[in-house]
Structure formats: C-alpha cells, structure tokens
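Throw the hints in and build the complete structure from the sequences for me.
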Amino acid sequence: MFTLIDRKDVTPESVWFKIDAPDVARVCKAGQFVIIRSNDKGERIPLTIADWDGNEGWITVIFQKVGASTYELSDLQKGESLRDCVGPLGIPTHVENAGNTIVIGGGLGIAIATPVARAYKQAGNHTEVIVGARKKELLFNVEEIRDFADELFICTDDGSEGRQGFVTDQLLEMIESGQQIDTVFCVGPPIMMKFVAKVTEPFNLKTIASLNTIMLDGTGMCGACRVTVGGETKFACVDGPDFDAHLVEWEETLSRLSSYKEEEKEAMEHYQKHREGCQCDEKGEKK
Amino acid sequence: MSSQRKPRPQLIRTKLSMPCQEPADRVQNFDEVPYGYNEAEAVFEAQRCLTCKNQPCVSGCPVEVPIRDFITLVKEKKFLEAAALIKTKNSLPAVTGRVCPQESQCEAKCVMGRRHQPVAIGNLERFVADYARNHDEKVPELPDPTGKTVAIVGAGPAGLTCAGDLALMGHKVIIYEALHAPGGVLIYGIPEFRLPKGIVKYEIDFLKKIGVEIKLNYIVGSNKTVDELLDEFDAVFVGSGAGAPRFLNIPGINLVNVYSANEYLTRVNLLKGYKFPEYKTPVKRGKTVMIIGAGNVAMDSARTAKRLGAEHSIIVYRRSKKECPARQEEIHHADEEDIEFRFLTNPVRVIGDELGRVKAVECLQYELGEPDETGRAKPIPIPGSEHLVECEVVVIAVGNDPNPTIPRTTPDLELSRWGTIVTDRSTGKTSKERVYAGGDIATGAATVIAAMGAGKVAAKDIHKQIMGIKDEEAAESL
Ligand SMILES: Cc1cc2nc3c(=O)[nH]c(=O)nc-3n(C[C@H](O)[C@H](O)[C@H](O)COP(=O)(O)OP(=O)(O)OC[C@H]3O[C@@H](n4cnc5c(N)ncnc54)[C@H](O)[C@@H]3O)c2cc1C
Ligand SMILES: Cc1cc2nc3c(=O)[nH]c(=O)nc-3n(C[C@H](O)[C@H](O)[C@H](O)COP(=O)(O)OP(=O)(O)OC[C@H]3O[C@@H](n4cnc5c(N)ncnc54)[C@H](O)[C@@H]3O)c2cc1C
Ligand code: SF4
Ligand code: SF4
Ligand code: FES
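Sequence lines, in order, name chains A and B. Take the first sequence: its position 152, counted from the start at 1, is 152 in the working numbering, and no numbers get skipped. Take the second sequence: its position 341, counted from the start at 1, is 341 in the working numbering, and no numbers get skipped.
What the hints contain is simulated information worked out from the structure, not anything from laboratory work. Please note: incorrect hints may appear among the correct ones.
Stated by the list, open to error - So the derived label-pair ranges between C-beta atoms look like this:
hint : chain 1 : residue 1 : chain 2 : residue 2 : range
1    : B       : D372      : A       : L172      : 52 to 60 Å
2    : A       : E80       : B       : P251      : 43 to 51 Å
3    : B       : E340      : A       : D244      : 39 to 47 Å
4    : A       : N39       : B       : P196      : 18 to 26 Å
5    : B       : R115      : A       : G231      : 54 to 62 Å
6    : A       : D9        : B       : K321      : 54 to 62 Å
7    : A       : G54       : B       : K464      : 34 to 42 Å
8    : B       : L415      : A       : G54       : 30 to 38 Å
9    : B       : M467      : A       : G231      : 51 to 59 Å
10   : A       : E249      : B       : R425      : 37 to 45 Å
11   : B       : P383      : A       : G231      : 24 to 32 Å
12   : B       : P196      : A       : F148      : 52 to 60 Å
Stated by the list, open to error - Computed footprint of chain B on chain A; a stretch qualifies when at least three of its residues, placed anywhere within it, have a C-beta under 8 Å from a C-beta of chain B:
hint : region
13   : 35-45
14   : 65-73
15   : 170-180
Cβ atoms here follow ideal geometry from the backbone N, Cα and C, with glycine treated the same way.
What follows is the structure in structure tokens.
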C-alpha cells in the first residue's frame, strides 16, 4: 500500500498527489514515470513523476481527470492508500549538453514538462519554457516554472492569459526570430506534439516528444505501448517514453490512443452511476 | 514385450477421462473446464498402474516425482501421504497436474502406454494436490534459521520454487516481483478456465506461511540492481522469465486491435478485463478473432476469445495439425469449443479501416514440402493463394523473447546470442559470482515444470554455497 500523504486540486480538471513511495523516490530521474492502481479493480495508470525527494521518500504526480480511472483516482483522499505504485519506469530524459532548449508543455503535459525543464536547466542548458492550455483556469505550475526557467511563455486558446494562440505559434515565432535553438522538447496532447514536429522539421531542429501511449505493465511485457519510430516498432515504456518527434508515425500513434473510445464511454457511465450513491453490494452488483 | 509378462486380471486399457463442463456451457464462463476426479475415480485410475519395478514414468518427469509410489498410496486411499510424497520433489502439484504436457513427459514413458493408454498421471497428481488443499494440509516444520539471506527476482514458477526450497532449508528469502501480483505466467498468462487463480494464490500463501517474503511492484534493475542486491544478500536467483512478446514483421502489425498474446491474456487474466466495466481494464470483443500461432499460448488466446463472445475464433498456423506445439488436451478442448483451425495458412498483412482498426488479414496458403533441418515438413507458399479473412481482433502468439531488464542492468552477466542468461544446468550458476538463474530467462520459453526444476536445482546449490558445504560433504550427506 502507498499512502497518499497529501492531495490538492490544481485546476478544475487536474489533481496533485503526494505519495509515500520511498523505493521510487530513491532512484527516479526527470522524464520517468510510475504506474498506479487505486484499488483491486482498477486500471494500471501511467503518470509522470512530477517531483520527488529521495530522503523523505515521496513522489508527486499531477494528473488530468479524463476518464473513469483518473476520475476514480481523484476521489482518493489524503491519508488513504493507493493499492499499487510501481516505478521508476522508462528511460530518463537525456538532458546533458542539450544546448539552448525550448520545453513545451500543453495541457496535462505541463505536469510532465515541469520536472524535465528543471532537469535541462540544472544540467546547465539555457532553458525556455512554453506552456499552453485552453484557458487561464487550466494552467498550473506557472510560478514554479518561472522560478527556474530562463524565460516562460504562456499561450491560451482563448487569450485569457498570455498570448492568444497555440504553443506552436509561439514556437514558430521564436524560430523565425533567428535565436539559437538546439533542442526542442514537447509533451502534451499527441495532436499538439505532431504539430510541434511539423513546425520544427523544415528547420531541421532536434525535437523530442514524450509519448503518452496506452500502457499495461510498463516493463516491456505486453507491447500495448508500441509505436513506429523511423520504421521500427518500439515499446514506449522501455525504449521511451522520449522519441525523435520527426521519426514518430503520428497517425498510428493517434489512432492507437483511441483504441478504447467506446469502452472509455461505458467505463465513465459505470463510474458515474456507481459513484452517485448506488445500491450495489461489494461485488458491484445491483441488489 | 517383456514388461507385459504379468498381465493383471484387472488391466484396464483406457484412461479414465475427467468429467468436464459441457463445451456449450463452458464457453459462456471462465470457470475451470475439467471437474477433476472424485476419490473413487482416482482410486480406479490408480489401479491401472502396474507398479513397475523400474518405473520408467519417473524418467519422463523433469523433477522426478516418485510417480509409482504416490500412485500406490492413492490405491490405498492415503491421499495426504501421497501429496506429501509428491511435494518432496514438486512444490506445485496442483499446478503441474493441470498444465504439464504429460503426453510428452511422464505419461510418454508409462509402460501402459506402449499397448494401451498410459496411466493418467497428471490427473492423479492434480487430484492428490486438490485433496490435500481441501483437507488441512500441514505446514512443514522449519529448521532453525541459518542467518543467511537470498534474493529472488521474479515470482514465476522458477522463483517461487527456488524460494520455497530455500525457506525450507532455513534461509531468509525475499522475492521481488515487478507486477502487482505474484505467480508470473501462472497469474497473467494461463487463463482461469485452465488454472484457477485461487489455486495459485493458495500455493503462494503456503510460501508466505513458511516465511517467504514477497515484495510486489518492485523492479530489479530499476529500484535496485542485481549488484545492489548482492551487497545485502548472500545470493541472488534470477527467474525473470521470457516476457518480451515477438511480433510478426508484416505490414499493419501496429494497427488498433492487434494484440500480443501477452497483452490480450494479461488484460483478461491479471486485470480481469472479462468483468469490464466493473473492473476498469477494457479488452476488445470482436465478432471474429484471429489468433496467429498454435502453441499453448495460442490455444489459451483462442479459447479466451470465445469466452469473450467471439462467434468465430480462428487459429492460423503455418504448418499442419501434427506440428502444433500445444498440449494435446488443449487442442482437444479447443476443438470441442468450435475453435476453427486453418492449417498451412500464414498471414502476410493486416488491413485496417479508415480509423486504423483491423478489418481483415490477408493470408497465404501453404503446402508441405520436404522435411527441413528440424525434420519437420517444410511449408511452401502456394503462389496466387492470397485471400482475405475478415476479423476485428488479431492476437499474435508466436513466442516470447527473454525479458531484457536484468541482462541490460547487470553488465557482467554472460548471455547467449538469444539473450538468455547462460547457466550451468546442473547448478544454476551464472557467470557472475553468487548469482544464479533458471526458468525461461535461461532456457527461452519452455514449461512450468522445467522452470520449477531449475529453481530446485539452484536452491540446492545456493544452499551448498552459502553454507560453505564442500562437494564431498554434500555427497556424503546424501
Ligand atoms: C508515460 C506516460 C506518462 C503520463 N503522464 C501523465 C501525467 O503526468 N499526467 C496526466 O494527467 N496524464 C499522464 N499520462 C496519461 C494518463 O495515463 C491517461 O490520461 C490516463 O491513463 C487516462 O485514463 P482514464 O481511464 O481516466 O481515461 P480514459 O477513459 O482511458 O480516456 C479518456 C480520454 O483521454 C484520452 N486518453 C487516454 N489515454 C491517454 C493518454 N495516455 N494520453 C493522452 N490522452 C489519453 C482518451 O483518448 C480519451 O479521450 C501519461 C501517460 C503515459 C503513457
Ligand atoms: C499463455 C501461456 C500458456 C502456457 N501454458 C503452459 C502449459 O500449459 N504448460 C506448461 O508447462 N507451460 C506453459 N507455459 C509456459 C510456462 O508458463 C513458462 O515456461 C513458465 O511460466 C516459466 O516460468 P519462469 O518462472 O521462468 O517465468 P515467468 O512465469 O515468466 O515469471 C517471471 C516473473 O518475473 C517477473 N519479472 C521479470 N523481470 C523482473 C524484474 N526485473 N524484477 C522483478 N520481477 C521481474 C515477471 O513479472 C514474472 O512475474 C505457458 C506460457 C504462456 C505465456
Ligand atoms: S510434474 Fe508434470 S511431468 Fe512430473 S509427474 Fe507431475 S505431471 Fe508428470
Ligand atoms: S510406468 Fe506407468 S504403469 Fe509403470 S509405474 Fe509408472 S505409471 Fe505405473
Ligand atoms: S506497456 Fe507493456 S510493453 Fe510497454
């Protein structure tokens, strides 16, 4: 069991957890993730480690409520326990000698972009960060990032904060301004990453995308997370999650992410029905 | 034949088959298919054994279960004694009785099989183990603690067996398991209808009772390396299995709803996807499911698909029925459950719809040619025989490679060119001091009993090593 030391809602759609997980905290690095299960019937949910303290033995994650499993996870209260938490999984983001770096976080990707950007900065790279969200209320971590980043740019779809427009608009402007850029790292909705790759490709700019594929075990045992990169099949959980964004087959990645559209809807309906004071017995069957 | 010199009056030629759920019923549920013998049936089948002096059956069993002697105890209705006797060699008889390929192991060597049908050794082993489980089996007395400690990587049959044996010798044992439940393939791969998970859990609880500690959600190579474990423990045993799925190198292999058998079975078994949405992990239920391959894994996938509601569950295999590597019983059960077999057929590409989801597989027909290096007739494609098979789900069951995590994170471990860990088969020793390995990680995908045998062999040698027992002393104490 893994105790939930603390929790808070960081936006109307996303939640921050501080979890007692000393075995993970002791060894994890930026860009790695854990797989969490809230209870015996739960799905295995991959979440990036947002922050950690090896001495105190905790990690934090920030996740967006998008479906049944993340909603159910968000119901957990401080002091309660997660059934499972395994990690660190995946290869840490390679931050050494990245040079002038732009880190882009879109939506829930801001959670993942934060520790990665900090690691780029701590490794001695000039690090600028672009964060994007649909509207002001959905932004988070802004002050935290401002603290360490050399420059922070905010984009919102509706212009309620920072620049109105997409993260790619900001990126393109920076590239065209002629400033020296060596590495672009992006994480967020796959469609956003696909467009970041499109923007940087003509300029031959090294671009890394952190892929949030569907995962099961996270240890290379099932192949659920497979992606085609440069014509080869890779497992995102053990070969990634970071890949060269110009080599990723984005159409395939997008369609694989939508594998369970119908089931996700069914799971959400089931979750809502059973949450709103249902009359089920322990087995979840109607009395 | 000389062993037939004393035909007994009660010689019964045919094996007593176990009563089973009717095929039409069982494809509607995930309950175990055979019910197992009752006491009278077990005694009846045991009577068929000729109590051979040289017991050839034993030589067919990788761990040398004293088959003749336990069957004799069954004849005398001493079931608990029979169980205790089996357990001196095989710590998981309820499992092996169900999943061993008996027809190519113990039963292949049974004298009765030369003229008639062999004694149903597996069924009897299963009966005895189930009887003991339901009749307050005693926990054996443990020797005084030796003060020595051993770390085990992986809670599959190899690791569990090695751990149990070492605990019974008085050592402190901790198993580290990457998944959230122990059992390895027994828990995530082999389906409930063939090996009820309650039985696996019982066996694991038994290990806990004899003091084995199991740390779940712990990845050796990530949380700690083998080298770090060596700082804390007197020895390390690696039983990390062959868990990396192979895919086919054909177009469309990454389309939506193409699964590896590992993924398909893990969703259903470990994560109980068949109870979705009560359990939160979904699994696709197609009207037609195609399974590629014909081993146990393929049979399990095909029968699982049927239970998930597929109207057509089709096994596609490049060779003919004769060459199917699956256990006879599985093929038989699959036949009964209307699994469709397409032999001498091979997929050449998977075709998707506009959303990238599987809608058909293009296959090629084969014919059998001259025998190849392995002595098996070589399948040769028939030109122009391409044809489409419509389906919504494809499951690839063409084998697994060794799990790379330990090899990748343990630099001075000698590997074969297949990526398996090189071991001395008579001791389980690897090229690295105080590190042992066994099971699928050392042999490549094999069998439950072979993995258990390797765990046993290693336990014996680990004991000798950490207690400082010399070979001569060991020979004397035998
Ligand atoms: C390595 C890795 C790290 C991740 N880190 C984080 C993180 O730090 N914070 C966070 O909020 N999420 C993260 N994710 C995504 C997170 O795992 C999924 O959002 C979650 O599993 C969805 O589960 P659900 O049942 O609630 O939603 P579902 O019902 O499964 O899905 C609901 C909706 O979300 C979309 N969706 C499903 N899975 C994903 C996914 N993997 N990525 C993007 N959209 C998805 C679906 O298309 C659907 O529209 C990460 C994923 C991976 C693989
Ligand atoms: C679907 C299926 C059906 C089968 N049917 C039969 C059958 O009928 N009869 C038969 O005899 N055999 C059968 N087999 C084969 C048999 O199950 C295997 O040969 C056997 O399980 C191998 O045992 P093992 O202990 O070596 O490995 P596994 O059972 O694979 O266990 C290895 C364990 O190690 C864990 N692990 C791996 N890496 C790490 C790490 N770095 N840190 C911590 N833990 C780790 C894994 O999570 C796993 O739990 C079948 C296999 C499959 C997949
Ligand atoms: S362990 Fe397997 S091979 Fe050995 S006697 Fe039992 S069923 Fe036969
Ligand atoms: S070979 Fe067959 S008949 Fe002979 S002892 Fe073994 S099981 Fe009995
Ligand atoms: S999640 Fe199973 S192999 Fe990557």
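For this session: Return the numbers of the hints above that this structure violates; sort them in rising order.
Result: Of the numbered hints given earlier, the structure breaks just one, which is hint 15.
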